[in-house]
Amino acid sequence: MENKVLNGKRLLALAKSNPIVVLLIAVSIIVGFTTSNFFSWGNLGNLISNTAIRFLIALGVSGCLITKGTDLSAGRQVGLAACLSGVLIQRGDYTGRLYKNIPEMNMWVVLLIVLCVGAIIGLLNGFIVSRLKVPPFITTLGTQTIVYGFCLIFTDAQPIGGFQSVYTRLITGRIGKVTGFYLPYLLFVAAAFGLLFWFIYNKTCHGKYMYAIGGNEVAAEVSGVNTKNTVLRIYLIAGVMYALAGYLLAAKSGGASASMGQGYELEAIAGCTIGGVSTTGGIGTVPGVLVGVLVFEMLKIVLQFLGVNPYYNYVVQGLVIVVAVALDIRKYIAKK
Amino acid sequence: MSEYLLEMKDVSKAFPGVQALNHAQLKLKAGRVHALMGENGAGKSTLMKCMFGIYKMDQGQIYMDGKPVTISDPIDALSKGIAMVHQELQPIPARPIGENIYLGRYPIKKLFGFIPIVDHDKLYKDTEELLKKVKLPFDPRQHVGTLSTSQMQLVEIAKAVSINCRILILDEPTSSLTQREVESLFSIIEDLKKDGVAIVYISHKMDEILRISNEVTIMRDGNYIGTWEASELTTNTIITKMVGRELTNLFPKRENIPGEVVFEVEDFTSINPKSFRNVSFNIRRGEILGVGGLVGAQRTELMEGIFGIRSHISGTVKLNGKEMRITRPKDAIDQGVAMLTESRRASGIMGVLSVADNISISSLKKYLDYGFAINNGKVESLVQDNVQKMNIKTPSSKTLIQSLSGGNQQKVVIGRWLANNPDVLILDEPTRGIDVGAKYEIYCIIAELAKQGKSILMITSEMAELLGMSDRIMVMCDGKCTGFLDGKEANQEKVMNLATKFD
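Chain order of the listed sequences is A and B.
First residue of the first sequence: 1, per my numbering; consecutive thereafter.
First residue of the second sequence: 1, per my numbering; consecutive thereafter.
Fair warning: there could be bad hints in the mix.
Said to hold, decoys possible - With a Cα cut of at most 30 Å, we get these calculated DSS-like pairs of lysine-lysine: (1) B:LYS56 to A:LYS16; (2) A:LYS133 to B:LYS56; (3) B:LYS56 to A:LYS9; (4) B:LYS274 to A:LYS68; (5) A:LYS133 to B:LYS274.
As the list claims (entries may be wrong) - Computed beta-carbon distance windows for the label pairs: (6) B:PHE15 to A:ALA326: 46 to 52 Å; (7) B:PHE114 to A:VAL134: 42 to 48 Å; (8) B:ARG95 to A:GLY32: 54 to 60 Å; (9) A:LEU327 to B:THR240: 47 to 53 Å.
Hints were generated in silico from the structure; no laboratory data involved.
None of these values were measured; they are calculated from a predicted model.
Don't be surprised by glycine CBs; every beta carbon is placed ideally from N, CA and C.
Same shape as in the complex, but just chain B (with noise of 0.2 Å):
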């Protein structure tokens, strides 16, 4: 008996043009949390999809219980024990929890004797067995589609947890869980942990990963760096593995002068009554307004209100004094107000089409001749003004923007709101899923906004960011905004504070 549950030994993979894996290792023990870290595009998606089938390794060998093993599919993955809860989750929302937590392996039972039917009875009841065992009050009956997205997590969780694996594969499975939902969630760890199951933890929180991680391995562009016991590092060593360097400043120096006031909201509420309600501030000249909340605050929701993607039923807008009608994204970029969405892929990017159309697209008509023919020495000039302004790295402005890193294809997107010149730019969690190196990056550029005059409404849910970006900071609870803190005298508890403010 190997004292490893499971070994991926010197595991290399290439895709075209990027070797995504070279030498990887990995190992894990029966009953330990297994911590996988390091930037995007490091390799760790790579290395568990490798493990879990979804890849072929172009060299390497998996061992179980010290024996070699080949996994070729998902389905042999998940015969052997091994199972995944994806990054990005894919439920069937039309239809109940049950038939989604045993979609595949439905319980089947034989009308008459001999005709197989799904047994619903049992599907239902091992479903509110295994519900009640990971501590979610959800009825089995109740459509996916009605939960958030972070309940739908937890229940792709309780999935996993009802297949019995030996090996559960989370990868970053707190993205978009509250703190109450991400202590559940440990305790679901936890009794995973005793009942001997090895956990492979992927996630960019360093909190986190010290708290529950027995071990940390960790990656860099597609090399193995290393493994530690947790409690050896800290934050600022694992930080340094995976960047490769030693990171000092986690923030740029602003320069930025807040000047006179220029965009007013007032009393802004929405069509939705469990929206947001009643929301008024106002942001200077060249000030970063900070948002903070917790998840399910409406600060995304109040943002598009104000964008003209979602409705709103009473309240104002003005910008430079003047009132704003806007009821399209199109009314409030033709004004000067711009707005990066929180999501890239659902709503930012289009994946099949190049840089240059992505970085042109709203500001098309700047580049046209006589009127109609888009001229394409003018949107080049544009993609090369951005490339060197924000050191976008691109083969060539013809390269699909899906296969440039998340750091990069947000710095396309935010180019694209900067052809246009806006007065106010809304940016809804601007550093989400990525790495370490660009998010510096992105930061320097509000900086640089900032400095510019530009007026910056930023929405994040990462603590650090919001105190150490902002200028002011404006906090929202359950819809309402609970209170505005200066940058400098902001700290975590006083954030805390006005988030938790329940009526």
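Next up, chain A with everything else stripped away, as it sits in the complex (with noise of 0.2 Å):
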């Protein structure tokens, strides 16, 4: 009986530490009890697919914040992932394709090139960030733009289709019947990921150092740590990141095009944040950021539930956004 009193106290202390995640699962009862069709198995794995993506972003953007910096070219290298691994891996005897010249490539094989390519984005960040020392704000302001005019020009602006169906095919596929439960696959690279970062932050030298630099980095090179190539690496794996959110955006979408990704970066940062990443510096977890963006990826769909005009959206997101962080803050305020 005592284990149960115990049990009950700790939730009460746990959601009243975090009193959005409450506020939403109480609207979503609320929501799934007054309209139809929100409690079903479609809706969840909905809910999954969107989350994945939104989570390898929201990943790869964390180290950044964790560090004091800042990713604001996530959304456009997404963008540039996604047009890149379209324009590749179009079908072959498809009329609009936009470089007949390419040969069919295997969809593993454009993964690779995409996160080369990502790999390359997140090096230059890392170099300007790190060894420049330009401010991460303007150094990812500058590349975001880099970033998308490369996208527009190898695009002409153009959208792009006619992907090959195994990529489309095996991207969106599920463990389970479409009209019963199902799990997507997209479920289980972001669980990968999600675990790899979990690894990588509490477990190796370069999750440590990246702490360290966050919560304070003279001190962390004084303590002998290679600042420099840890920010350099931060930044490197989330171009990686960007590129395969993009890589697997293109084909859950079935197309792509220039304006793809656009502001995913700010809801990435949002999720981060809502998580409880600190934008001081050197705190934060992978389990907070995964409950950032379900946090949002949730709200989006009890917003569409409720029949609200998709303008209203971005207030309401906006408002979240800035009452989470508030709410949060407030936790430290009070303790002075």
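Put the two chains together into one complex; each comes in its own frame, and the hints tell you how they fit.
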């Protein structure tokens, strides 16, 4: 019996420290019982797929945030990766093929190419931030624009379709039936990377150095941490994550265009922040990032089910960001 | 009319897990300097922050001129004539002195009779008069960032004076001042006393307290111990009351025996012509070499140069006869040199990280499984080993280091360096901002390390510490090494002679 009481207390404390999550669960339950189809396997699968891709992007940007940086180029990098994947993976017999002289490529080769391009952009960001000491905000503001430019140039601002069906089928694939309970493959990709990042953040020197730099960069440097290379690695890894997300996003959407991924960096940063990643550095966990992203995606679906004019979504999402972070910061203010 | 200008009665304040103030009190008289003393964590700063409206008291009452008042925030405190110079300065470096001093209360004039704008002429004229009054030779338009730390502190004090306050709180005002600057501060204080200002003076420096103050209030662990006339007290009685026990030995007995020369620095010169020049010295195995000098003697800069934080243009560093190439701290660490930096907060601790993370950060590679996965068990045993050896008081290894006291934080950072088992350990002001009890413990650790054969370079600005802990003393003045003294034969006069040997 005593155990139960303790658990109840614990749950209450947990609820108190995560009011926005509690609020959202409450709203979802209400929406679930007042509208039909909210509690459906299809909706769950949809939520998982959406969250999975956003989670990968947020994982990438989380390292930048923990080291007091940011990455505004995330969204455009996702867009570039999506377009690049699209162009390279178009069917050989597709009439609207953008680059007709490129042979039809294997989807895994394309993945490798896209990841390499992501790595190069990440490396560039990391180099500018760590070696040239340009503030991350400005650096990535610049590269964001450059990346978008390149994306427009090589797609000629044309939408890209006609993908190899093996690619779209595999990535939008699932375990289980379309009509009943199913789990999208994307869930497993997200879970694998979540675990990988948890391992990197908690169990490797790179992760510890990352938190140390966020906590006090000078102290880390003086303690013999190679701060430059650690920061470089963080932006490099981020670039790879955006590329992966872009590759998956193109398949999920069944098409790509230069405008894809626009604003995703802000959603990712917001998700991280809602999930407790501190903008003052040194604080943030992988489970936190997951919760933050989930909150955001849940919110979108709830609004959709409530039949709210989509334009209002932005207003509500913005409010949630501010309120969530304000509540989170209050915890620290109260302790003073 | 009350005898007291301000009274704080029965003040209690609790933070999560700690009773910071427990029925504390303070009574201030006009025109008197009231010293507030106690170890770090005794509650002095908390009490002052309650008076200044930064913290809300859980219990207690403040009276001014015998009437009960409530002070809700710092603005309220200022309007009631209470000013405070904080221990940690917060100037705006990129703005002129004048704007810093009148920040938040700029003189206003009306453009065309109705558009309010800042009256810069009056601002700078007022600042000039103020600076003249407190005898500071600065241009009001000079940017604060161009001043040294001690000069900033004097500007901060001038700012407090400009408010025409009735009560002035000085929280460790002389911690970074040179002797000459301390004298000018004292003359400012004398002038303020004549104007009837009550001054609260917080400091750890006994000689200053006994010289400048009229009354002394002593606190311990948040409790009020008592108030005495300064003339009734001596350094020893103050320490006894602060610590609550007799301190017979200020320094531990040292059993280290210096051996052969292990570390040699020759003709070391900074890239900055105003910094250290042509410095040569050596240190033996198991020797403690104290480094003395005035603030600004470039001692920190020299050590940071050796450690690779700053650049040098010429000179050699040899460890065990082998020349070292050091361009960054990592190079020095890899070759067996460690350095405890001067400012714990700025370059020592990583506040939001745990004790375990802080202690293991520079030796993480030692605790890996399969070459990449950190073994938490090994890190934990490192923490426990240090907790035991150095008597670090922490609830657990997961506790955030920022919630520990200064002394315990310092021990954690020392532990970080010892984990690499260095041959040479550079300690820059190892006991700054640490209370008396923890200081003794740190001295014991240093003595023990020397006994184990480590070579220790210790920069210190406390004369007693320099004389009490060193086997040999190197004195610097204005970037140059001006001489060496044997630890047993050295005295304050000899050190000061070398420390003031300007060209």
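Here's how the hints hold up against the structure:
1. B:LYS56 to A:LYS16: At roughly 24 Å apart (the allowed maximum being 30 Å), LYS16 (chain A) and LYS56 (chain B) satisfy the hint.
2. A:LYS133 to B:LYS56: At roughly 42 Å apart (the allowed maximum being 30 Å), LYS56 (chain B) and LYS133 (chain A) break the hint.
3. B:LYS56 to A:LYS9: Measuring from Cα to Cα gives roughly 29 Å; hence the hint holds.
4. B:LYS274 to A:LYS68: Violated, because 34 Å separates the two Cα atoms, which is more than 30 Å.
5. A:LYS133 to B:LYS274: holds, 26 Å
6. B:PHE15 to A:ALA326: 46 to 52 Å: violated, 23 Å
7. B:PHE114 to A:VAL134: 42 to 48 Å: With Cβ atoms ~44 Å apart, the hint holds.
8. B:ARG95 to A:GLY32: 54 to 60 Å: holds, 56 Å
9. A:LEU327 to B:THR240: 47 to 53 Å: holds, 49 Å
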